[in-house]
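Trainee: With chain A fixed as given, assemble chains D and U onto it according to the hints.
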Amino acid sequence: MTQTRSIPDRLQSPAERYLKSWESLLLLVAIGIFVANSFASPYFLNAWNLSDATFNFTEKAMIAFAMALLIISGEIDLSVAAIIALASTAMGAAVQIGVGTEGLVVIGLAVGVLCGAFNGFLVTGLGLPSIVVTIGTMSLFRGISFIILGDQAYRGYPPEFAFFGQGYVWWVISFEFVLFAIIAVIYAVILHKTNFGRAVYAIGNNATGALFSGIRVGRVKFILFLLTGLMSGVAAICLTSRLGSTRPSIAFGWELEIVTMVVLGGVNILGGSGTIPGVVIAAFVMGLVTFGLGLLNVPGIVMSIVIGALLISVIALPRLWSMWRQA
Amino acid sequence: MKRILATRELLLLVAIGIVLAIIASRFPAFVTPANLTVVFNDTSPLILLAIGQMIVILTKCIDLSVAANLALTGMVVALVNIAAPDLPIPVIIVIATGFGTLLGMFNGLLVWKLAIPPIVVTLGTMTIFRGCIFLLTEGKWVNSHEMTAAFKAVPRADILGLPVLSWIAIVAVIFFSLLMTRTTLGRAFYAAGGNPHAATYAGINVGRTQFWAFTISGAIAGLTGYLWVSRFAVAYVDVAGGFELTVVAACVIGGVSIMGGIGTVTGALLGALFLGIIANALPVVNISPFWQMAISGSAIIIAVVVNAQANRSPGRIILKKAEQAT
Amino acid sequence: MQLEPGPAVSSKTVSDIAPRLSLKGITKTFPGVRALSEVSLALFPGKVTALVGENGAGKSTLVKVLTGIYQPNEGEIRIDDAPVRFPTPQAAETAGVTAIHQETVLFDELSVAENIFLGHAPKGRFGLIDRAAMKARAREILSGIGANIDPNATLKDLGTANKHLVAIARALSIDARVVIMDEPTAALSQKEIEELYELVEGLKRQGKAILFISHKFDEIFRIADYYTVYRDGQMVGDGVIADVSEPDLVKMMVGREVSQIFPERQQNVGDEVLVVDGYEHPTEFADIGFTLKRGEILGFYGLVGAGRSEFMQALFGITRPSAGQVRIDGAPVTIRSPADAVNSGIVYVPEDRGKQGAIGALPIFQNVTLPSLARTSHKGFLKLAEEFKLAREYTQRLDLRAASLDTDVGNLSGGNQQKVVIAKWLATQPKVIILDEPTKGIDIGSKAAVHEFMAELAAQGLAVIMVSSEIPEIVGMSDRVIVMREGRMVAELTKADITPETLVGHAAGIKEAAQ
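Residue numbers (the working numbering), protein chains in the order written: chain A, 692 to 1018; chain D, 234 to 559; chain U, 395 to 909.
Chain A with its partners taken away, still in its complex shape (with noise of 0.2 Å):
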C-alpha cells in the first residue's frame, strides 16, 4: 500500500531441506540394511540374486505410488489387492475364450479403471468415508473372483504374455523393474512438478480451504482413485504373468503391505504429506529386508514382523525422541 517492504522467498535452502527430511533418514536406514545384508550373506551381493529381489517389491510399489497420491489427498483404497484378483480372473477368463496378449492388456488395465471408478463414485459422487467403502469393495471384487473361479485356477495365458512379470529387458534389468522405475518418474512428476499435485497437498491438508480456493476437490479425488484403480490394474498384469496362473487368492493382504510401504515411505496417514522419493525409497527397503532375510532362511512371516515393527518404530521413536527432549 505505501511503503512495501520485501519478504525473501526462502529462508532454509532447498538443498538444506532435503538433508533434513524424513527421505534422507530413510535412505541412511537403506543402505544401512544393504551394507548388513552383504556382510550376512555372500550371496546377496550378486547381480542375478538382486534382480530377483526387486520383485519382492516392484509390483507393490506401481500401486503405493498411487496409493501415496490417494493418502496424501486424505482418502485410502484398500481395495486394491482385490482389484488385482478381479482383473487377474477377468484376463484369465478372457485367455479361455482365445484372446490374445494386447487383448488381455487392455481387459486387465480396463477392469481396473472401472473398479477405481466405482470407488471413486462411491466416495465423491456419494460422499462416503473411503476406508469403509473400500473394505466393501474390497470384498465386493474379490468376492466376484471367487464367485468365478470358486477354488479353481485359470491357466494357459500366451506365451508372450509372460513377458511381462518374466521378461528381461537387458541383462538382469526385468521388464518389470524398468516400469516400475518409469511409473517411479512418473508418479513424481505428477505430484512435484504438476498443479494437480499440489491440488493434493491443498486437499490433503485442507478440503475445505482447498473447494473455497476454488479447487475441484470431487474431481481430483476421483481421479486418484482411477489412477489407484489403473495401476492396480498394471500390477494384476505383471502378477499374473509372472505367476502364470490366476486364483481367486492372488496378492492377499497385498493392501496392507502397500499401505505399509506408503507410511514407511513418509506420508501422513492423516493425509498432508508425504513425497515419491519417500515411497520408492520405502519399497526399497522392504525388498531388502525380505530378501536379506530370505538369504538368512529366515522365514517371511518373520519379515513382517521386522517391518510391522519398522512401521511402528519410525513414527514413535521422532516422537518419544522429542518427548524425551522436553521431559
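In case anyone wonders, no lab produced these hints; they're calculated from the structure. Watch out, some of these pointers could steer you wrong.
[Unchecked claim] Computed footprint of chain A on chain U, listed as stretches where at least three residues anywhere in the stretch have a Cβ under 8 Å from a Cβ of chain A:
| hint | region |
| --- | --- |
| 1 | 724-733 |
| 2 | 743-751 |
| 3 | 778-792 |
| 4 | 796-808 |
What you are looking at is a predicted structure, and each value in this text was computed from that prediction instead of being measured. Glycine residues also receive a C-beta, built at the ideal position from the N, C-alpha and C atoms.
Mentor: Relative to chain A, chains D and U alone:
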C-alpha cells in the same frame, strides 16, 4: 428399549427378518430353533469381536489387530495347555483374557501416549502378533490330540440347550449393553468419539478413553482366542486370517459410524448375525459358499449408503415456510 | 483504573466484599508465547464481573485455566480464600467452577439429559447410571431456566438456541458457585439474549459469582457490576462498571485512543458488473436479486442466521441454488462450483478463516497461487519462479508481515492470515470480491487497515460485497446496503438512509423503526 432399538437397528432387524423369510419359504429347515441355535453359536466369535471393535470405532479409532491378537492368544493358551495339562480351565481363561488385554493395552498406549494414528498402530501390531506366533512355534501347528479334553470341552459344553460359547456371547451382549449405556466409561466412549473437543471440556481424557477401548477390544479378542482354538481344536499361524475385516464389516453393517460417536451393542450384534446368517444359509440354499464374500461386500456398501443417508444433517433452516413444511 | 501494565490492583479497591474466587499472579506460557503474564482477577458472590480485552488478550486461556483444561505455570487460585488447584476439569467442577463455553461443546448423538450430566451422572445400584433420576433432574434444571426441552430428545434434533440452553443447563447441573460465561450471546437472537439476561439476574440472586466475557459493550454495561481489562496477556485495569465510560474501556483494551474513523471515499461508481436475479434455496433463502456496480461497496446486513453467508456461499458455488440467474458484465454465467465462480471473476473471503480461508500447512506462496496456478504454470507443470513472483507482488501490496514466503500460513497471526487470503483472491484479478465479516476477530488496530484497503479496492474499480454484523462498519463503509431477515431481502438502503436505526429496524422486523 425404544432408544436401544433406534431406527438404524430396526432397519437391519427388518432386513434380517426378510432374509430369513426368503430362506424359510424354500428351506424351512433353516429356521428351526435347533438350526438357528447352531447359526448363533457359529456367529458367537464374530459377535464378541464386533462388540470390542464397535467400542474402538466409537472413539474414532480402528483395531485391525483383533484377529492377530486372537490367533496369538489362542496359540499361547494352546502351548500353555501342552506345557501344563493339569492347569484348570478357568485359569486358562484368565490367562487368555489377560494376555489379550496386554496386547490391547500395547495398541492403546501407542495411540494414547505417542498419538500414532490407530490404523498405523494396529496395522503394525497385526503383522507383529502374527509373526510372534511363528516365533513361538516355528510354524508348527498345535493339533487336537495335543490339547487336553477339558481344554477342548468348554466351548461345546451344554447349558440349558445352548453351548457355553453361545452363552458367553449372550453374557457379553448384556454386559456391554449395560456398560455402554449405564456407566460413565460407556458414555465417555460416545463422547470422546462424537466430539473429542467437547469431551475434553467435559473432563474426559480422550486419549485415555481410547486406551480403554483398545484394552477392552484386546481382552475380548484374547478370550475369543481361547474359545476359537479350543472349539476348532487346532492352532496355527493363520488362524482367523483376514477376520479383522469381517469384524469391521459387521460393525459397519450394524450402523456403527466409522467417523466415531455412533453405534450400539445391539447394532454390532445384528451386523454380526446378518453376516453369520448369510454364511450359514448359502450352503443350505445351494449357493456356492464362494458367493459369501461378494454378498458381505455388497452388504457393507449398502449399509454405508443407508447410514450416510440417515445421518445426513438436514442443513440450516432459515426460511420460515421451509420450517413449517418440515 | 490504571493504564500501564504492572502489578495488579488489589481487589480491595473494587469492593469490600470478600471475593468468592480470586486469581493472583497467574502465568501461562506456551512454547514461544506468554499467553498470560501474572494476571489477577476477583469474582464476587452475587455479582457479575465483565472480562474485556481484544482477541489474543488471554481471555480464552484464562477460562481454560479456571476450568482445569490448562495448568498455570505460576500463580495461585483461591476459592473463599483457600488455595485450590484444578489439575483436571473434574477438579474444577468439584470446586464449584463451571463454564458456558464460547463454542457449544456438546454431543449430537447423546440425549439432552446425558449431555447435561456427562461425567457427573447420578449413580444408582452397582454404580450404574440412574437414568430415571438423571432425567428427572435434567427436567428440573431445564424448567428452572425456562427451557421447554424434552430430556429424552437426542441433541442433534434441537435447534441452535435450544442447544445453547442445554449448554447452560449443563453448566448449572453441578452445584456451581462460580459461573463463567464465555461470549454467551454470540449465537443468540435478540429475544434469546433478553432471556439470557434474566437468567443471569436469577443466578446473581442465588449468590453465584459470575464471570462474563463479551465483546459487546452494550451488553457489558447492561449486566456487569465490575470490569477487568486484559491486554496482551496482562491485566491492565479493573473497577466498578458505573465508574467507567465506553471510550475509557476501549482505551484500556487497545492501550491508546481509538476513534472509529472510516476512510474517506469519493463515490466512483462505474458500470454494472454483477446482476443476481431470483436466487432461491429450498431452506436457506429466497427471492434474492440485486445489481452491483464497479467501485461500489454493497453491504449485507442482518442478524446472525439471517441467511447472508448462506446466500454468499451459494453465489460462490459452494451450495447449489434451486433457482436463479447470475450475469457478469451482462453475460449469463453458470456457477456450480467455487472453481466456476473464480473463473467468472467472483471470489469469496470466508468468515471462517482457519477452516475455509487459508490452508495452514502450506507455505504462503502456495496459498496465494492456489487459484491462479493456471497462470503461473506451463501446460500444467509448476513454475516456482513465477509463483514466487506472483506471491511477492500481492503480499507486498497487502503489506504482509512474515519471515519468508515459504513460511507455513498456520504460523502467521490471524490478521496476516487474512491478508494471505485476500492476496490469494486479488491475484486472480477478480471482478467481484465478497468479504464475509472481514474484521471479525481482528484487533481494533488492524480493523482500520482492512477498511482502508477495502476502500482502495473499490477505488480501483473492484465491486465489493461486504457481509457484516457490525453496524458502524456497515454505516461507515457501504455505498448501499441490503438487509436480510429470515432468508429474504427486506430492504435496500441507499447511502442517505443507512442509519443504525433503519438497519436494526429492518433486520429485526420492527415496523415502526423501519419506516
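Trainee: Now look at each hint and say whether the structure bears it out.
Mentor: Right, here's what the structure says about each hint:
Proximity of the region 724-733 of chain U to chain A, defined as three or more residues with a beta carbon under 8 Å from a beta carbon of that chain, is established by the 3 residues found. Coverage of the region 743-751 of chain U by chain A holds. Counting CB-CB distances below 8 Å, 4 residues qualify, and the rule asks for three or more. With 6 residues carrying a beta carbon less than 8 Å from a beta carbon of chain A, the region 778-792 of chain U meets the three-residue requirement, and the given coverage holds. For the region 796-808 of chain U, the stated coverage by chain A is satisfied: 6 residues place a CB nearer than 8 Å to a CB of that chain, which reaches the threshold of 3.
Hint compliance for this structure: every hint is met.
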